[in-house]
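Participant: Each chain, written out:
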Amino acid sequence: MAIEREKAKKLSVSPEIVQLFLEEFSRDYKLLKEGSETGSLSDVKKALQGILGSLKIVHLDSVIPFVEALKGANAITKEFCQRVEELDPISRATPETLFQIVDNLKLQSIEVENTSPPAPKVPEVQEVDASLLDLFYVEVESQVSVLNQGLLTLESEQGTGETYRTLMRAAHSLKGAARVVELAPLVTLGHAMEDCFVALEMNPDRHCRAVMDTLFQSVDFFAALLQVPKEFLHEYLKKQEQVLTQLSSTLGLIIEGKEIEEVPVVTNKVGTNENRPRTTPSIYEDRVLRVSTKRLNCLMGLAGESMVESLWLQPFGEALTSLKHLHAEMVHNVDQIREALRVEDVNPQVNHYLSGLHHHANVCQQTIDNRLSELEMFIRRHTSLSERLYGEVIDIRMRPLSDGVKGFPRIVRDLGRDLGKKVRLKIIGEDTPVDRDILEKLETPLMHLLRNAVDHGIEPPEVRVEHGKPEEGVVTLQATHRSGMLYITITDDGRGIDLEQIKKKVVKDKIVNEEVVDNLSESELLDFLFLPGFTTTDNVTEISGRGVGLNIVQNMIQEVGGTIRTSTAKGHHLCFDLQLPLTLSVIRALLVEIGGEPYAFPLSRIMRSIHLPRSEIEVIENRQFFRSEEKNVGLVHSSQVLELESEPLSDDLIPVVMLSDRMNLYGVVVDRFCGEKDLVVQEVDPVLGKMPGISSGAFMEDGSPLLIIDVEDILRSIDKLFYSTDLQAVQSTAISSEEVPVKRILVVDDSITVREVECRLLQNKGYEVQTAVDGVDGWNAVRIGDFDLVITDVDMPRMNGIDLVLSIKSDQRLQSMPVMIVSYKDRENDRKMGLEAGADYYLTKASFHDETLVDAVIDLIGPSDEPGGVE
Amino acid sequence: MEDEFYPADKLLTRKPDHDYLEEWTTMVQKEKVARKLTRDYSLLLFRIHHEWFGLSTAVFNHVCENKAIHSIPFKKNPMILGLVNIGGQIRVCVTLDKLLNISGSAEKGDELSSVVYDRMIVIEQEENVWVFPVDEVYGIFQFDVEKMENVPVNVSKSSANYLKGVFLWKGKRIGFLDEELLCYSLKTSL
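Quick mapping for you: the protein sequence lines, in order, are chains A and B.
Letter 322 of the first sequence, counting from 1, is numbered 322 in this note's numbering, and no numbers are missing.
Every number in this note's numbering is 871 more than the matching position in the second sequence, counting from 1.
Just so you know, these hints were derived from the structure itself, not from any lab.
Because the structure is a prediction, the values reported are computed rather than measured.
Some clues are possibly wrong.
[As the list claims (entries may be wrong)] According to the in silico footprint, chain B covers these stretches of chain A (three or more CB under 8 Å from chain B):
(1) 24 to 31
(2) 89 to 99
(3) 164 to 177
(4) 631 to 645
[As the list claims (entries may be wrong)] Per label pair, the in silico range of CB-to-CB distance:
(5) B:934 to A:229: 50 to 58 Å
(6) A:326 to B:985: 53 to 61 Å
(7) A:229 to B:974: 25 to 33 Å
(8) A:296 to B:901: 55 to 63 Å
(9) A:643 to B:937: 20 to 28 Å
Glycine included, C-beta positions come from ideal geometry on N, C-alpha and C.
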């Protein structure tokens, strides 16, 4: 009988094991009960699994079927919870009573009811290879945008068979990709979407808002995945089980041709704009590569360098050509000698040598000819190659406009939906190449203009129909290249701007008075829109109307070196014209020499450059200036501003660059002018940070570096210079205080708070303090700097305090330096370890009052102002 | 018939003879001498003025000719010489003289190469690129870690900081530079 068998087995299971079983069971049981209360199926399953495992170890076989039945449940119902309660007695058992209790339980294998709706079961999610996930993300990104585009086309009734096929393919790809990375819930969703598209193609009249919304939401679900970091992906999917289930079932209904409810719009404004990897190089087709910016910069640098080097070849080839001519002359001389010698009688030996010379000269000539022509061909090939390489690399900077505006049509549609309007975004010139930096900076202003258009511009459908316009408003975004500039236009066919309204507002806000306002032209009136705080609407919506946006748009465009203009026709349209440079990386500059080295002034930032006759310089109060067009222009030498060495100018005509800061004019004297050039802007190694007076660098034709002046910075320096020379005269020789060598302390701790606190404490007492963030940092710092004392923590990454103390004390030069440990660890053992390592003091942070630390420091190295620190 | 067709087979599968077996048994029986694992440092050797240094090839990027150095306005740091063009990018050029406290000028016997060119060495460590001029680059050589000696007491305190040790080689004393400390120092001094 089963019970007897169990009794027999029980004798072979030791009490310790039983005790362990009971501990584990009570833990799992607790989790089981919690799980059933909160309704977490996964917790419940985990607990049941644990229980099953431990039951097997103690051979409590009679309970096993019961638990297995519980495990097979799909939902946590009341019945389920009741069944769980039946396991209660076991959790209260002791090793002696356990088997008795189990015998009495008489648990039956029960059918736990399955009451969950017939939704597709969401299967488990497994671990997957990280690099496969990377590829998965890339696939999701591209398919999401295809799906969005296709759905928008469908929605605007312009879908063809091809549209459906594209959508089906996209969903199919997503399904396949999800299968590769073993994300089964996504496979289900992708499959459902695919079937849905098939169903819709067969019954196009099934289209309705609810259907489209569901499809959009499914796409959004995939898009949202892009924000989830790889590691948390399956956790995320587990949490989203409900959402997935619902989506799948709704799609199921659509496939079956059933009616579905209108779904509330969950505008998941995950525009693919935010997810775009900034470093992807330009792609016009489907294949994408991820490249780090560092590699790209390196590649660009080398390509540029290669082109500069190839420039050397041409002059070299020409130099060799003159060598060839020289050689020809030499051969000619030899011939002349031969002619001359033929006349007289000559030593046959000499004749012999002469023939030899002539022969060698000819061979030489021949060789030079051949090599030279080969060289010329090589020069041609190589120059062409490096130019093409450089051109390709520079083009990497350019991306098609579509890359930056992909998410816009969807956003416009959703926005319109939110506001109860019908709007469509039309994009013309998607392939227009735009510099990637400019594209990045354009995103925000363009987005804002589009929002304005939808919010203020486009009227509600009824109003539009009243005015005889089509119900759906159209916003057009157009981009072209024209005469070396990039033109972007945003037009909406909405209500336009009422100029009278602007006039009224302008007068009301007292910006301009009534008489003047009537004389203003349309463009002048429209310019008011760009004033900060100016708005013609009285209500502020979430979208716009605060009067801040257009001003910021204008600023951003001007930052890039572009301009923005507006035009309108009331009731008809409003148009924004943006004019932008093609690329930020090339600027036109004036090359000058300062201190014998090349510098450049961006042409757009200087007023003028002139040669000033020395005679025109006037002096007032020791300051030099000159007159230009009725204004006084202060004069200053560039080398003084940049604190460089320079030689005094000897010429009568002095090269001056005129700068302006909107109020004053300044003249900066340089050594000489070297012409205007187009310069490719290079970033200077960021390790120097922002260099004062300099914005960036570039290269001369021969590859040597030059620096581009930051005009605004320079103007500030000039101002400072003018002030300080005043002060310099006033300042008498200050009493120099006796220099007492300040005591230097190094604080090493990985917690920034502790570092700050200790630092401030000690600085207040007059010590000079430097900090280090961990042991290695501290070890480096202590070897370089000259410290009188080191205060260190114990627990730090990379190298702990004990090792640091040991290193210091075993170093010949640093042995004698006092070291103090300040740590949270206050056990006797830790203190012993610290002191044994060689620390001179061990303080605990717990018992750490401000005075304790300072007292210890004074004890070790004396007060800060006492001379004679430790050598 | 088969035997005739595969004489090579016969040759290769014949049984070894007695002497042969003896010979090889003895050889295999011999006590194995554990091969000493030599840890070698691979160092680039270069000279600044009078002194020779070795720098780990782990940070060594490349050597190039002397380049035009553009001064940096406002900079008063004596260690920074200016900016140079390395591979189409603008990099900082420093001088190790001050850092390593190298005094004295080169003397006759200092050189190792037959023809001496001054060069610039480009090193890269953890995203930072540094360039410095040297008087002579000799090449890359392996140094046995066992042969490394202590830095002698009379080497100045500041430069001794940067040396992990010293190698005596071809009659010259090569200071083995601590590349981590060097780069750390350069970074923090900016």
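Participant: Enumerate the violated hints, using their earlier numbering and listing them in ascending order.
Facilitator: 1, 2, 3, 5, 6, 7
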